[in-house]
Amino acid sequence: MRDLNIIICIFSLLLSGTLLSQTTGSSSVSVTLPVVTLMDVEPTGNITLNFVSPTEAGLAIVNPAVNTTKWVNYSSAIAPAGLTRRITAAVNTIIPGVSIRVQAAAASGSGGGTLGTSSGLVTLTTTAATIISGIGGAFTGNGTNNGHQLTISLVTNTYANLSARTSTPVIITFTITE
Amino acid sequence: MKPNCHFSKNQFYIKYLSILLLLLFNYYVKAQTLTVTGTAWTVPITTITEAGTNYTGTYQSAANQVLLAASVPLLLGNAKVSVHYQPNPTWNSSLILSAKRTGNGTTACGLCTITGGTTYITLTQTDIELFRISAIVALGAYNNIPIQLQLSGVSVTIPATTYQSNIVFTISSI
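Residue numbers (the numbering used here), protein chains in the order written: chain W, 10 to 187; chain E, -3 to 170.
Chain W on its own, in the form it takes in the complex (with noise of 0.2 Å):
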């Protein structure tokens, strides 16, 4: 009997102690950041490139200078362990001739994370080209002067497949992809 009793004021005590002195708790935060693929040229709107006639027998068209008005904004936001992301450039037509080439430059601005790498100079077909790679995490801060500046550049190629044309609307058209 004398056990007994001793046995139950160690569990009351123990019991009393898990029921009288909690001294922590918790509550939980929960966040879902979600996949984002976000990609844009800024500003909007057309850009004329024209070739300017020689003013002397015997020499070549004169190509137009280069546009450098264009800038590749992006955001993106990938899994653990996803695949990097790269954004693609193409021509809607060919002019036959001409070369419509994009560089994109390093990215600069107010950006952060994983900013992708140039391609370098790259002659646009109808079949989409990379010009950006290895976007990781990223985001390039938004309107000019943020992200990837574009440097388009028409030139001719095939002197003999040139001919005179008017206005002829060419469509560039950007992608990101992984």
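SDA-like cross-link-like pairs, simulated, lysine to any residue; straight-line CA separation at most 20 Å: (1) K96/E with T114/E; (2) K96/E with S37/W; (3) K96/E with S35/W; (4) K96/E with T120/E; (5) K96/E with E125/E; (6) K96/E with S39/W; (7) K96/E with G34/W; (8) K96/E with D123/E; (9) K96/E with T33/W.
Computed from the model, here is a short list of chain E residues facing chain W with C-beta under 10 Å: (10) G34; (11) S151; (12) T153; (13) I154; (14) F165.
Just so you know, these hints were derived from the structure itself, not from any lab. Just so you know, even glycine gets a beta-carbon here, dropped at the ideal spot from N, CA and C.
Assemble chain E onto chain W, guided by the hints.
Chain E only, in chain W's frame:
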């Protein structure tokens, strides 16, 4: 022959009952207690709609997201409530959790005080003091002490997945 016994049966039970009551009272008097209620906080991340931009970065919970009930011992008892976070199971160290006390809660103790923790304190995985409770000549018990949480450092540069942590509150003597 009647056995030689120092206590009658009733005295025997009274003795052990008294011991039990003393033990219970002893614990009640000496132990700090802390109860955590409120709702789990699911951070509402704002969708990015403009290429090139990042998340706004800082999110705040409701001012009373977490409610604490704390009591400290009788007679000049002082206690501190500490807090830390515990990844459950995954957290990213770029996500910064903070907590602050947004009110005093309620208490019946006129001479008790609750101090500190009214500005955001950055949480780590080790305990950091959030606030203190002092009890003078009475049991210092506070209920519904409101705690607000903050999450900063949210960025697209953090791998896109779900992160969870437990915010652990602990009361202890000073």
